[in-house]
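> Chains as they are written, first to last, in this note's numbering: chain X, 1 to 477; chain H, 1 to 477.
In short, the hints are calculated from the structure, not lab data. One or more hints might be untrue.
The list treats identical chains as interchangeable, and a pair is accepted whether it falls inside one copy or across any two copies.
To be verified - Straight-line Cα separation of at most 27 Å, DSSO-like style, residue types lysine-lysine; simulated pairs:
hint: 1; residue 1: Lys468; residue 2: Lys241
hint: 2; residue 1: Lys241; residue 2: Lys439
hint: 3; residue 1: Lys441; residue 2: Lys124
hint: 4; residue 1: Lys84; residue 2: Lys37
hint: 5; residue 1: Lys37; residue 2: Lys124
hint: 6; residue 1: Lys425; residue 2: Lys439
hint: 7; residue 1: Lys55; residue 2: Lys191
hint: 8; residue 1: Lys308; residue 2: Lys27
hint: 9; residue 1: Lys135; residue 2: Lys317
hint: 10; residue 1: Lys317; residue 2: Lys19
hint: 11; residue 1: Lys135; residue 2: Lys55
hint: 12; residue 1: Lys308; residue 2: Lys420
2 protein chains.
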Amino acid sequence: MAKEKLVKEITSMDEDFAKWYTDVVSKAELMDYSSVKGCMIIRPYGWAIWENIQKIMDGMFKETGHENVSMPMFIPESLLQKEKDHVEGFAPEVAWVTHGGNEKLEEKLCVRPTSETLFCDHYKNIIHSWRDLPKLYNQWCSVVRWEKTTRPFLRSREFHWQEGHTIHATAEEAQAETIQMLNVYAEFAEKYLAIPVIKGVKTEKERFAGAVNTYTIEAMMHDGKALQSGTSHFFGDGFAKAFGIQFADKDNKLSTPFQTSWGVSTRLIGAIIMTHGDDNGLVLPPAVAPIQLVIVPIASHKEGVTEKATEVYERMKKVCRAKIDNTDNSPGWKFAEYEMKGVPLRLELGPRDIENNQCVLVRRDNGEKTVVSLDNLEEEVARLLEAVRDGLYNKALANRTEKTYEATTLEEMIEIADTKPGFIKAMWCEDRACEEALKEKAGVSSRCMPFEQDKISDKCVCCGKPAKQMVFWGKAY
Amino acid sequence: MAKEKLVKEITSMDEDFAKWYTDVVSKAELMDYSSVKGCMIIRPYGWAIWENIQKIMDGMFKETGHENVSMPMFIPESLLQKEKDHVEGFAPEVAWVTHGGNEKLEEKLCVRPTSETLFCDHYKNIIHSWRDLPKLYNQWCSVVRWEKTTRPFLRSREFHWQEGHTIHATAEEAQAETIQMLNVYAEFAEKYLAIPVIKGVKTEKERFAGAVNTYTIEAMMHDGKALQSGTSHFFGDGFAKAFGIQFADKDNKLSTPFQTSWGVSTRLIGAIIMTHGDDNGLVLPPAVAPIQLVIVPIASHKEGVTEKATEVYERMKKVCRAKIDNTDNSPGWKFAEYEMKGVPLRLELGPRDIENNQCVLVRRDNGEKTVVSLDNLEEEVARLLEAVRDGLYNKALANRTEKTYEATTLEEMIEIADTKPGFIKAMWCEDRACEEALKEKAGVSSRCMPFEQDKISDKCVCCGKPAKQMVFWGKAY
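Okay, chain X solo, but in the shape it has when bound (with noise of 0.2 Å):
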């Protein structure tokens, strides 16, 4: 019954993807809204999850060389403005400080919407000699974008991120740094997220400001969308040029270093959610879920019930992120709460099951029940949380392969995209002009090309000139 009234309070998935998502969000308790239109808070249920992505992806960077910095929230207009390209993709959407107290800045300031300018502040001061390099330095902090649409963890005005920033020595080895990272966000994102990403490069039109290459990591949401979830920076000599950064190379002969800038932001949570996500609310992959097994005593009035429970939370905590719901709602409304809340795994333990010296594990991600011997339960709980995983990837996988389409004409590839949401592969002739008319035509962006090239056809899908590359085009959030 109880179960019945909780799942009936999101709208169903089907019927209105948009409506479904901030049921969700809203449901599990990941966010609230606060009275700054644009600015979420993270409840501690959905910080949870942010904090386990930070932990291992934190993990990630210093086992790859990184160390962590703090750089100011604030950016004086005067630094914002030395990097032209750059100021022209941020100026339009940063927030100004004008005043501080009572009285009027000299120097108005922004507050960071990204920080290479600040980095480069900092590089010009401490790097004299090859021997300063490189830095690979990243900081976990927030930034802002006044974005005029906003929606919870998609797209706010402040969000979360992680932003690295190193320089080198030579061009190429900030080169490797930048597929280093991109790397290690396609593992973290298959292996820890179990979603499937395409690593590819951007074109020029949807390359970040400032710099010569951007790399990506794309994935497929349920509904077919695309969502960016990583991207990494190869910013030539740009950067280090327009801030007068040099150093004494091994001869003493003055030379520019090369930089690179990496982030990941809040953004993978509404990743998480739009991926493996059903009508029952959020699914969560076992290695960022703030709860991982969530133990439910059944008719737990009887005797020996409770301290059964108890003694197995014991064990299980032990193992896993455990929790033992011991308060005096039904069995059914626990199951749904903790299906609303995505919890991979749910063990039930009633009197016949200890009489049996047995429990129940019941999968979040396919409702899946299997009876296991208490004896060996830890092992058993590891292996369903590893198949848990396994389940999202594949199902990710699967919804990914079955929405994937190509096109070799104009006419194909607007008939796909008005009647098919997906991703449509395309070859393309690298003008820009293709890449804009694809855009308002078909109404679709180019997501990636990727490191994987597929020949589709000799020609440019929308102007039949020789193509150059295999693109990925669809509709983002």
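Based on these hints, arrange chain H on the given structure of chain X.
Only chain H this time, still in chain X's reference frame:
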């Protein structure tokens, strides 16, 4: 030689403590100045200390049932104004965002100086019944206060901190939370930072804007000045009333809840520097030191030295945060470098040590050398790290004891304040006029009314009327 050179670069503490301090924060590479006045860059070595502080403290918060959340960084002007005392305290020193992109905002937003108003606004949304209480929340973030004079770590316009915000059904519960968190702070400061603190209550004049009571831990720096190192506030139901937060109690009657907040900041790094540092630079308590043990091979060109040092390093990194320095700098240069950086233990290993199956361990706090067999190195390192912590604590305690005075008359008070930097214990009638007179005539502020009261005399040190409290007075950072 190299060592001499490096040491000379910093000012002596006794010569100019303020200059010594800024020398240490720069030379130990804790921070760099940014292009925004009063906002600093925390460099990897400084940030790693903060990360260690966060890790330990976050564990203590979670053990006491707290959850982390993330609030927006902006507060609309109207929200900041809801609690009268609070806005009076903070409005004069906030940074105002007036424009987003190219447009003027309808309502200006301040960058949070503290987040009580944001939490209240959220609590109003999510608290309806006694079942929703308590909420025990915390967030790690940075806040902004437009200070006129700034010093690295001690007072900066943007600073990092944690702010706990809790809400409870009864005043007693909230009051108990306030004290519990003060005790957590005191335990953290003494056990992990090796900084002895005095726990007590702030006078009304020194209270946090909007609080009924502010509790504090006060530490004494090497130069005898006080540093307020953590505060915990009991708000009564003032904020809840101002924000209209109510809940249905167990009898289904509408009640008003009670609140607390508590915080420590990157000031703690300033406290570490000024409590433990010496003329050779930083001295770090082992619990938060990014490097706990540095291994310096001696005569590393000799056969087998580098190999053996590396073998020792592989063993040591399993039991502590160890580093090996295999660069071509001289051992003397390395000694000075890691002394400057405050590494608690140095391990020296040369050809003769290897012959004798031993090494030399040198304590940073007192320079004591111990020759240790390589067979039980793990135990010796653990023992010495603990000894460094105890040594630091006892030295700081001795400094505080030595520099704590008593005064029974105003003349005595002025005399001590003028000639002997330190804490002055003196009785007070609880009249604000006397507190202000002491500030004006002796230049001291009330640090706290300690929980552990001494009765020094019957009369107020200032007016001679009957005394109600023994107060610690002093000059403060």
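> Against each hint, give a clear statement of whether it holds in the structure.
Comparing the hints with the structure gives:
1. Taking CA atoms no more than 27 Å apart as the test, Lys468 paired with Lys241 passes in neither setting, with 31 Å inside one copy and 67 Å between copies.
2. Taking the closest pair of Cα atoms, Lys241 and Lys439 never come within 27 Å of each other, the shortest separation being 34 Å inside a single copy and 53 Å across copies.
3. For the homomeric pair Lys441 and Lys124, neither the shortest alpha-carbon distance inside one copy (46 Å) nor that between copies (48 Å) is at most 27 Å.
4. Taking the closest pair of Cα atoms, Lys84 and Lys37 come within 27 Å of each other only across two copies (24 Å); inside a single copy the shortest separation is 30 Å, beyond that limit.
5. In this homomeric assembly, Lys37 and Lys124 come within 27 Å of each other (Cα to Cα) only across copies, at 17 Å, whereas the closest approach inside a single copy is 37 Å.
6. Within a single copy, Lys425 and Lys439 get their C-alpha atoms as close as 14 Å, which meets the 27 Å cut-off; across copies the closest is 75 Å, which misses it.
7. Within a single copy, Lys55 and Lys191 get their C-alpha atoms as close as 15 Å, and across copies as close as 25 Å, so both meet the 27 Å cut-off.
8. When the C-alpha separation of Lys308 and Lys27 is checked against a cutoff of 27 Å, the pair qualifies neither within a copy, at 31 Å, nor between copies, at 59 Å.
9. Within a single copy, Lys135 and Lys317 get their C-alpha atoms only as close as 40 Å, which misses the 27 Å cut-off; across copies the closest is 23 Å, which meets it.
10. For a Cα distance limit of 27 Å, the shortest separation of Lys317 from Lys19 qualifies neither inside one copy, at 35 Å, nor across copies, at 51 Å.
11. Taking the closest pair of Cα atoms, Lys135 and Lys55 come within 27 Å of each other both inside a single copy (22 Å) and across two copies (25 Å).
12. In this homomeric assembly, Lys308 and Lys420 never come within 27 Å of each other (Cα to Cα): the closest approach is 52 Å inside a single copy and 65 Å across copies.
When the structure is compared with the earlier hints, violations turn up for hints 1, 2, 3, 8, 10 and 12 and for no others.
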